[in-house]
Structures are given as C-alpha cells and as structure tokens.
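Asks: Please model the complete structure; the sequences and the hints are all you need to start from.
Numbering (numbering that gives the first Met the number 0), first residue to last: 0 to 342.
Just so you know, not all the hints are guaranteed correct.
Listed below are the simulated DMTMM-like cross-link pairs for lysine to aspartate or glutamate, each with C-alpha atoms no more than 25 angstroms apart in a straight line [claimed, not checked]:
hint	residue 1	residue 2
1	Lys291	Asp258
2	Lys265	Glu15
3	Lys291	Glu307
4	Lys8	Glu208
5	Lys212	Glu19
6	Lys212	Glu186
7	Lys265	Asp69
8	Lys8	Glu25
9	Lys265	Asp95
10	Lys212	Glu264
11	Lys8	Glu147
12	Lys291	Asp273
13	Lys265	Glu248
14	Lys291	Glu198
15	Lys212	Glu168
16	Lys212	Glu184
17	Lys8	Glu19
18	Lys212	Asp306
19	Lys265	Glu25
20	Lys265	Glu236
21	Lys212	Glu198
22	Lys291	Glu264
23	Lys212	Glu15
Everything labelled a hint here was simulated from the structure, so no lab data went into it. For clarity, every value in this text was computed on a predicted model and none was experimentally measured.
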Amino acid sequence: MTVESNGLKRTPLYGEHLAEGARLMEFAGWEMPVQYGSINEEHLMVRSGAGLFDVSHMGQLYIDGPASADFLQQLLPLDVSRLSPGRMSYTVMCTDSGGVIDDLPVYRLGDTAFLLVVNAARLAVDAEWIGDRVASWDGVEMTDATMEKGMLAIQGPAAEEITAGILGEAVRDLGFFRFRASGLEGEEVFVSRSGYTGEDGFEVICAAETSVKIWRRACALGARPTGLGARDTLRTEMGYCLYGHELNEEITPLEAGLDWVLALEKEQPFPGRDHLRLLRVAGGYRRLRGIKLVDRGIPRPGYTVQDEGGRPIGTVSSGTYSPTLQCGIALAFMEPDFGRTGE
Numbered sequence: 000m001t002v003e004s005n006g007l008k009r010t011p012l013y014g015e016h017l018a019e020g021a022r023l024m025e026f027a028g029w030e031m032p033v034q035y036g037s038i039n040e041e042h043l044m045v046r047s048g049a050g051l052f053d054v055s056h057m058g059q060l061y062i063d064g065p066a067s068a069d070f071l072q073q074l075l076p077l078d079v080s081r082l083s084p085g086r087m088s089y090t091v092m093c094t095d096s097g098g099v100i101d102d103l104p105v106y107r108l109g110d111t112a113f114l115l116v117v118n119a120a121r122l123a124v125d126a127e128w129i130g131d132r133v134a135s136w137d138g139v140e141m142t143d144a145t146m147e148k149g150m151l152a153i154q155g156p157a158a159e160e161i162t163a164g165i166l167g168e169a170v171r172d173l174g175f176f177r178f179r180a181s182g183l184e185g186e187e188v189f190v191s192r193s194g195y196t197g198e199d200g201f202e203v204i205c206a207a208e209t210s211v212k213i214w215r216r217a218c219a220l221g222a223r224p225t226g227l228g229a230r231d232t233l234r235t236e237m238g239y240c241l242y243g244h245e246l247n248e249e250i251t252p253l254e255a256g257l258d259w260v261l262a263l264e265k266e267q268p269f270p271g272r273d274h275l276r277l278l279r280v281a282g283g284y285r286r287l288r289g290i291k292l293v294d295r296g297i298p299r300p301g302y303t304v305q306d307e308g309g310r311p312i313g314t315v316s317s318g319t320y321s322p323t324l325q326c327g328i329a330l331a332f333m334e335p336d337f338g339r340t341g342e
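Replies: Structure representation (structure tokens):
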C-alpha cells in the first residue's frame, strides 16, 4: 500500500488497474477503480462467468489474546461462542441506542484470534471505538493490518473453477461462510467462500505482493476485472445493505432487515441490546424493502415513495439500473403497513 502526494491511498493492485485501463476515483480516501469498460457488461459477467474485484481498501482489524472471545461477546450482537475456528459470520456493531456503527464479517482464526473486516469509510471510527474498549480489558490486543494486506474477491458461477486453479482443489470443499488457510509459492493465504454480489464466490486475504500474483492468475483463467460501479449494482439487485445508505448510526439493524444477525437473547449484554429488544417487541418501525420500477427511470437516494393515492409511504436509500432485470430498482425504507411482496 502507498499514500500519494494527493493524500489518496493506493492498493497493491493499483498498477494492474492502470494496465487494464480502469477509470479511477476517490473512495473513502483510496484511489479505486469504478469501471474498466461497461458497468453493465462487468455486472453481467459476474452473473454469468466470473468477476474479479480489488477490495484491499477494506479495513482489517485483528483481535488477539486469551480474553478475545469474551471481549467480542460483549462488543457484538453475535454469539461468538457458536463461531468455531474456520467459520465466519456477518454482524454489526451498534451504538447504545441501537444504531449501526458498521456492518462487518468476523472470522474466527483460532480459539483466541479473530479478524474483523470493516468498511473503508468507517475504519478510523471503528478502530477508535474498538480500541477504547480494548484499553479497559486485560488479555486483548487489536492490530490494524489494513496497509499490510491485499484482499480480492472472485465472484460468479465460474469462481470456484478459477479459485481452485490458483489455490488448489481443497477450496471446492469450502461451505458458505467457511474459510481456510492455503498457500501460494510459500506465502500464506486465507480464502473464504463469501462475497457481496449474490453469486457463489471467494474472498482472498494475503500479503500485498501476493495479491498481485493472484490477480494476474485469476485474469489468465478468465476472471474479468470489475469495478466499484458493478459492485454496487450487484449488491443492490440482491438487497444487500451499504453503509451510509441502508445503515448508519441513526438506523437500527431491525429497520434495515438485519434481524437475523442479532442474538438478542444471549446472556452477555452488548451495546444497543436493551433498546433493540424493546423495539422488536413494540414493532411499528419502518422496514427496508426492494422496489422494481414499472415505468422507465432510475430511482435515486432521497426520492419519496408514494402509494397509488399519492401519499408518501417511504424513502429511497439506494437506486440503480438493474442489468439483470433491465429496469430501475431501488431499496427503500417503507412504513410498516406497506411493502408486502408484489404490492
């Protein structure tokens, strides 16, 4: 990783992006590829073949020490005791009032070692928030390895074939949200069956220089470099949340449709637990829904959703053109009495 004179950080794959003719833009302090050609074509390649993403800008926070599991158990609405080594889980970090500080996958690397992969735009906030709590614990350490590691995602129906061709046949046996240590030319590589596209796929974490080797081999095996533009259209089609749109410190995971990540009945208290318990019982809160436009057009964040009588019933949080459905689609927070499937 490097930091340039303009203050923007560059991933180890910056040179590969230039060689592929990528259009680059600033994203969360990083110079990242938006697209290499057509966003629609990149999107459809992920749905039909395999796309290759540079996600090295994501924050990587390692939590280690004999008390690390107990620490995370009271930090997250995740039941860490049910997460065995080699497994990962999607979760959130909440404020005391139940808002979302960030959403993230947690990898259990061993009995006392964990990895949290956080959003690039929230890394500084997350590191400070977690670090303040680590300081009051004995037997827990946090290490920010973001600038030392590379991270790639290979996504699509052909992802398994390509990843196996690079890291070996054992990756075929990985279940969803499972990971294993692998190797490439003597360098340790972590590979998980996971992603942010709705397709089968793998995410690879490795040393910065190793990420370049994996990128080149994936391209040689048929993966198409894919930018942030298609990453956004793919996740919107699947209804996946994006921090700053469907999630922030004023939006609860219940409103965002993330009830399934909350272990609200676990014994250990965590930030936001009591508020979220009360909200779940009371109900009546807005809910995130997917919308497909009947007419031409692309809905944009902030647009008002109206019922047939013109009454406001919701607000768009994300909107785009869907290359798969060939129409405008959106995610929107809707009043609780609206938003049933097909309505």
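Asks: State for each hint whether it applies.
Replies: Evaluation of the provided hints:
{"no.": "1", "hint": "Lys291 / Asp258", "result": "holds (23 angstroms)"}
{"no.": "2", "hint": "Lys265 / Glu15", "result": "violated (46 angstroms)"}
{"no.": "3", "hint": "Lys291 / Glu307", "result": "holds (15 angstroms)"}
{"no.": "4", "hint": "Lys8 / Glu208", "result": "holds (16 angstroms)"}
{"no.": "5", "hint": "Lys212 / Glu19", "result": "holds (15 angstroms)"}
{"no.": "6", "hint": "Lys212 / Glu186", "result": "holds (11 angstroms)"}
{"no.": "7", "hint": "Lys265 / Asp69", "result": "holds (13 angstroms)"}
{"no.": "8", "hint": "Lys8 / Glu25", "result": "holds (9 angstroms)"}
{"no.": "9", "hint": "Lys265 / Asp95", "result": "holds (17 angstroms)"}
{"no.": "10", "hint": "Lys212 / Glu264", "result": "violated (45 angstroms)"}
{"no.": "11", "hint": "Lys8 / Glu147", "result": "holds (12 angstroms)"}
{"no.": "12", "hint": "Lys291 / Asp273", "result": "violated (35 angstroms)"}
{"no.": "13", "hint": "Lys265 / Glu248", "result": "holds (23 angstroms)"}
{"no.": "14", "hint": "Lys291 / Glu198", "result": "holds (20 angstroms)"}
{"no.": "15", "hint": "Lys212 / Glu168", "result": "holds (18 angstroms)"}
{"no.": "16", "hint": "Lys212 / Glu184", "result": "holds (10 angstroms)"}
{"no.": "17", "hint": "Lys8 / Glu19", "result": "holds (19 angstroms)"}
{"no.": "18", "hint": "Lys212 / Asp306", "result": "violated (52 angstroms)"}
{"no.": "19", "hint": "Lys265 / Glu25", "result": "violated (41 angstroms)"}
{"no.": "20", "hint": "Lys265 / Glu236", "result": "violated (33 angstroms)"}
{"no.": "21", "hint": "Lys212 / Glu198", "result": "holds (24 angstroms)"}
{"no.": "22", "hint": "Lys291 / Glu264", "result": "violated (35 angstroms)"}
{"no.": "23", "hint": "Lys212 / Glu15", "result": "holds (11 angstroms)"}
The structure fails to meet hints 2, 10, 12, 18, 19, 20 and 22 from the earlier list, while all remaining hints are met.
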